[in-house]
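J.: Next come the chains, spelled out residue by residue.
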Amino acid sequence: MRAPSGQEIAAGDVLLSLENVSLAFGGVKALSDVSFDIRKSEIRAIIGPNGAGKTSMLNVINGFYQPQLGRITFKGKARAKMRPDEAARGGIARTFQNVALFKGMSALDNIMAGRSLKMHRGFFWQLLRHGPAMKEEVEHRLFVEEIIEFLHIQHIRKVQVGRLPYGLQKRVELGRALAMEPDLLLLDEPMAGMNLEEKEDMSRFVLDVNDHFGTTIALIEHDMGVVMDLSDRVVVLDYGRKIADGTPDVVKADQAVIDAYLGVAH
Amino acid sequence: MFYREAGQFKTTYESDQSVFPIRQDRIGLAIILVVAFVVVPLFGSSFLVNAVLIPFLVFSLAAIGLNLLTGYTGLLSLGSGAFMGVGAYACYKLTTYFPGVNILVWIVCSGFFSALVGVFFGLPSMRIKGFYLAVATLAAQFFLEWCFLRIPWLYNNNISGAIEVPTRTLFGLIITGPNAAPQTRYLIVLTIVTLMTLAASNLMHGRIGRMWMAVRDMDIAAELMGIRLLPTKLTAFAVSSFYCGVAGAMLVFLWYGGAEPNVFSIDQSFLILFMIIVGGLGSLLGSFLGAALIFILPIILRTVPAQFGLPIHAATVEHLTFMIVGALIIFFLIVEPHGLARLWQIAKQKLRVWPFPY
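First to last, the protein sequences are chains X and P. Just so it is clear: in the first sequence, position 70 is 70 by my numbering, and no numbers are missing. All you need for my numbering is the position in the second sequence, starting with 1, plus 1000.
Think of the hints as simulated: they come from the structure by calculation, not from any bench. Cβ atoms here follow ideal geometry from the backbone N, Cα and C, with glycine treated the same way. Do not rely on the hints blindly, as some may be mistaken.
Unchecked claim - Derived lysine-lysine pairs resembling DSSO-like cross-links, with alpha carbons at most 30 Å apart:
| # | chain 1 | residue 1 | chain 2 | residue 2 |
| --- | --- | --- | --- | --- |
| 1 | X | LYS158 | X | LYS199 |
| 2 | X | LYS103 | P | LYS1129 |
| 3 | X | LYS199 | X | LYS103 |
| 4 | P | LYS1129 | X | LYS81 |
| 5 | X | LYS118 | X | LYS77 |
| 6 | X | LYS81 | X | LYS29 |
| 7 | X | LYS103 | X | LYS29 |
| 8 | X | LYS252 | X | LYS29 |
| 9 | X | LYS103 | P | LYS1093 |
| 10 | P | LYS1129 | X | LYS118 |
| 11 | X | LYS158 | X | LYS40 |
| 12 | X | LYS158 | P | LYS1010 |
| 13 | P | LYS1010 | X | LYS135 |
| 14 | X | LYS103 | P | LYS1010 |
| 15 | X | LYS81 | X | LYS118 |
| 16 | X | LYS103 | X | LYS75 |
| 17 | X | LYS77 | X | LYS103 |
| 18 | X | LYS158 | P | LYS1350 |
| 19 | X | LYS118 | X | LYS135 |
| 20 | X | LYS40 | X | LYS118 |
| 21 | X | LYS252 | X | LYS199 |
| 22 | X | LYS118 | X | LYS158 |
| 23 | X | LYS75 | P | LYS1129 |
| 24 | X | LYS29 | X | LYS77 |
| 25 | X | LYS158 | X | LYS103 |
| 26 | X | LYS118 | P | LYS1010 |
| 27 | X | LYS75 | X | LYS40 |
| 28 | P | LYS1350 | P | LYS1010 |
| 29 | P | LYS1129 | P | LYS1350 |
| 30 | X | LYS81 | X | LYS135 |
| 31 | X | LYS158 | P | LYS1093 |
| 32 | X | LYS40 | X | LYS77 |
| 33 | X | LYS40 | X | LYS252 |
To be verified - Here are the simulated distance ranges between beta carbons:
| # | chain 1 | residue 1 | chain 2 | residue 2 | range |
| --- | --- | --- | --- | --- | --- |
| 34 | P | ILE1330 | X | LYS118 | 41 to 47 Å |
| 35 | X | LYS118 | P | GLY1172 | 20 to 26 Å |
| 36 | X | GLY193 | P | MET1126 | 45 to 51 Å |
| 37 | X | GLY76 | P | ILE1266 | 52 to 58 Å |
Said to hold, decoys possible - Just a few of them, taken from the derived set where beta-carbon distance is under 10 Å, the chain P residues facing chain X:
| # | residue |
| --- | --- |
| 38 | ASP1016 |
| 39 | ARG1168 |
| 40 | THR1169 |
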């Protein structure tokens, strides 16, 4: 299902690494001197208290913010300044903390829009919408239908997404990101505001995506149960600094993490 | 009950992706096309064809043009009147320099000039959107209007400052100029508008349409999906201006027969904006419905009381028309802010489930 792009990286090798990345907005330091890496085919969690710089981290990874200092290497290549659309071309997809779907379009069209990069028929074929353009459209529709089936959203295909309940919107958004066949999938709080059952469903989808397609996933999540169950490795941020990094068990026992979450007696 | 797709199974994705997946829609559209192409030219009066249908179609096309930009891509423009003007003046100059080439070629080609100008004035959309972009397009409106008025070359140094449409033929049939039959002009306008509507519909149902709507609904998410914002927005400006330009050329060459710069004033821009707001943003059908309401309603208000022999003074009728149309616009905006197109959708849904409420 997934077409590999660029040079092939074996599972377990480093897919993306950040070295000494610092990001500041004026005097506010969002990230200072953060280094960590994401390995191919793992689920990497980024956690930390509110305002720790988690979302800024994702924004740096997909090119929405440019860090002032530090080096980012993606797929073995050091990355210069990069716009978000270039990051997308490179194979980075993402979902948002607050659902950022195209509200006026149907679920199907939203996911089809995720295929925009993969569709190449030019303007004049689009005007005709017959022959090659239609063939391409149907080809991609087939792929999108696979995603729709995978996420169990067949019944809402033609529904305008603005009218869907929140849990389903999150699922459509995941589908839209999957339609890009990403090498690296960034999930910004995929379970925020969900009830237990929806969280269980979503966790299952995240694991399945990782299992079936081998997609590397970096996720931000506040529900510690979810984080500890899903992720292979966890990085903990606090006030823009990395305070811990390792397997869930290591991180759970780390004194600095406990202090950051529970506070320290003075 | 009357409008139910029960029993119509789609067995291929191709048929599911089609523009009119429901059979009743296809039948309805076929009937409208037959009436428009056959019945009207044969039986329609000159008044109906010349004063009602030709301008209705021309304005519909301009409304589609603006709708592609404002309704589908979410970029508010107040320059559509001026872009129509660019089309009209381009067509005029082209047919002056190359009288041998068929006028229909120039009517369509004038759209490209308009598209070029549209792209130029669309450049600010890289940085600004919403009301601020509207103000930037307003600058286009005033600048171009000034050009139409002050550059004599554009109107061939006429003393009157107006452009006059020369007589041109197609296969020996006079299609423009004072001696062209309304029916001929109507058929030409209808053909162009039908083909261009089809093209717009195809575009909106494919990749480019989805990219435009993605930019409209959530530009940040669109960008993070690899859609480059500026080229996408500029394409929208180009296509939209192309449609407006062709509409402008048809307005002058196939309806008015001549025009002064004030035809393409800010009023025209607002009129077209009203059409798409009342008709429905982001809907091709809405463009037609909006054009019908804004343009045809005043005509009905003017002619119907006269039929009943009501002795109202012409000026009073004019004032009444303004008041009634204005009141209707406000009424529609309050009752259905998504326009007539949404009303039609609701009606379809009601027809579908009738006689049951759900």
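J.: Does each hint hold? Answer for all of them.
T.: Hint check:
1. X:LYS158 with X:LYS199: holds (24 Å)
2. X:LYS103 with P:LYS1129: holds (18 Å)
3. X:LYS199 with X:LYS103: Judged against 30 Å, a Cα distance of about 23 Å means the pair holds.
4. P:LYS1129 with X:LYS81: holds (25 Å)
5. X:LYS118 with X:LYS77: Since the Cα atoms of LYS118 (chain X) and LYS77 (chain X) sit roughly 23 Å apart, the hinted pair holds (cutoff 30 Å).
6. X:LYS81 with X:LYS29: At roughly 20 Å apart (the allowed maximum being 30 Å), LYS29 (chain X) and LYS81 (chain X) satisfy the hint.
7. X:LYS103 with X:LYS29: violated (34 Å)
8. X:LYS252 with X:LYS29: holds (26 Å)
9. X:LYS103 with P:LYS1093: The hint is violated at about 44 Å.
10. P:LYS1129 with X:LYS118: holds (28 Å)
11. X:LYS158 with X:LYS40: violated (35 Å)
12. X:LYS158 with P:LYS1010: Given pair LYS158 (chain X), LYS1010 (chain P) holds - Cα atoms ~14 Å apart, limit 30 Å.
13. P:LYS1010 with X:LYS135: holds (17 Å)
14. X:LYS103 with P:LYS1010: Roughly 26 Å between the alpha carbons, so the hint for LYS103 (chain X) and LYS1010 (chain P) holds.
15. X:LYS81 with X:LYS118: holds (23 Å)
16. X:LYS103 with X:LYS75: violated (33 Å)
17. X:LYS77 with X:LYS103: violated (36 Å)
18. X:LYS158 with P:LYS1350: Given pair LYS158 (chain X), LYS1350 (chain P) holds - Cα atoms ~18 Å apart, limit 30 Å.
19. X:LYS118 with X:LYS135: holds (13 Å)
20. X:LYS40 with X:LYS118: Since the Cα atoms of LYS40 (chain X) and LYS118 (chain X) sit roughly 22 Å apart, the hinted pair holds (cutoff 30 Å).
21. X:LYS252 with X:LYS199: holds (21 Å)
22. X:LYS118 with X:LYS158: holds (22 Å)
23. X:LYS75 with P:LYS1129: Answer violated: LYS75 (chain X) to LYS1129 (chain P) is near 36 Å, above 30 Å.
24. X:LYS29 with X:LYS77: Holds, at roughly 27 Å.
25. X:LYS158 with X:LYS103: Since the Cα atoms of LYS158 (chain X) and LYS103 (chain X) sit roughly 13 Å apart, the hinted pair holds (cutoff 30 Å).
26. X:LYS118 with P:LYS1010: holds (26 Å)
27. X:LYS75 with X:LYS40: Judged against 30 Å, a Cα distance of about 9 Å means the pair holds.
28. P:LYS1350 with P:LYS1010: holds (23 Å)
29. P:LYS1129 with P:LYS1350: violated (37 Å)
30. X:LYS81 with X:LYS135: violated (37 Å)
31. X:LYS158 with P:LYS1093: Violated: LYS158 (chain X) and LYS1093 (chain P) sit about 48 Å apart, past 30 Å.
32. X:LYS40 with X:LYS77: This hinted pair holds, its Cα atoms lying about 15 Å apart.
33. X:LYS40 with X:LYS252: Holds, at about 23 Å.
34. P:ILE1330 with X:LYS118: 41 to 47 Å: holds (46 Å)
35. X:LYS118 with P:GLY1172: 20 to 26 Å: violated (51 Å)
36. X:GLY193 with P:MET1126: 45 to 51 Å: violated (35 Å)
37. X:GLY76 with P:ILE1266: 52 to 58 Å: holds (57 Å)
38. ASP1016: Where the cut-off is 10 Å and the nearest Cβ of chain X is about 8 Å from ASP1016 (chain P), the hint holds.
39. ARG1168: Violated. Min distance 27 Å.
40. THR1169: violated (29 Å)
Comparing the model with each earlier hint shows violations of hints 7, 9, 11, 16, 17, 23, 29, 30, 31, 35, 36, 39, 40; every other hint is respected.
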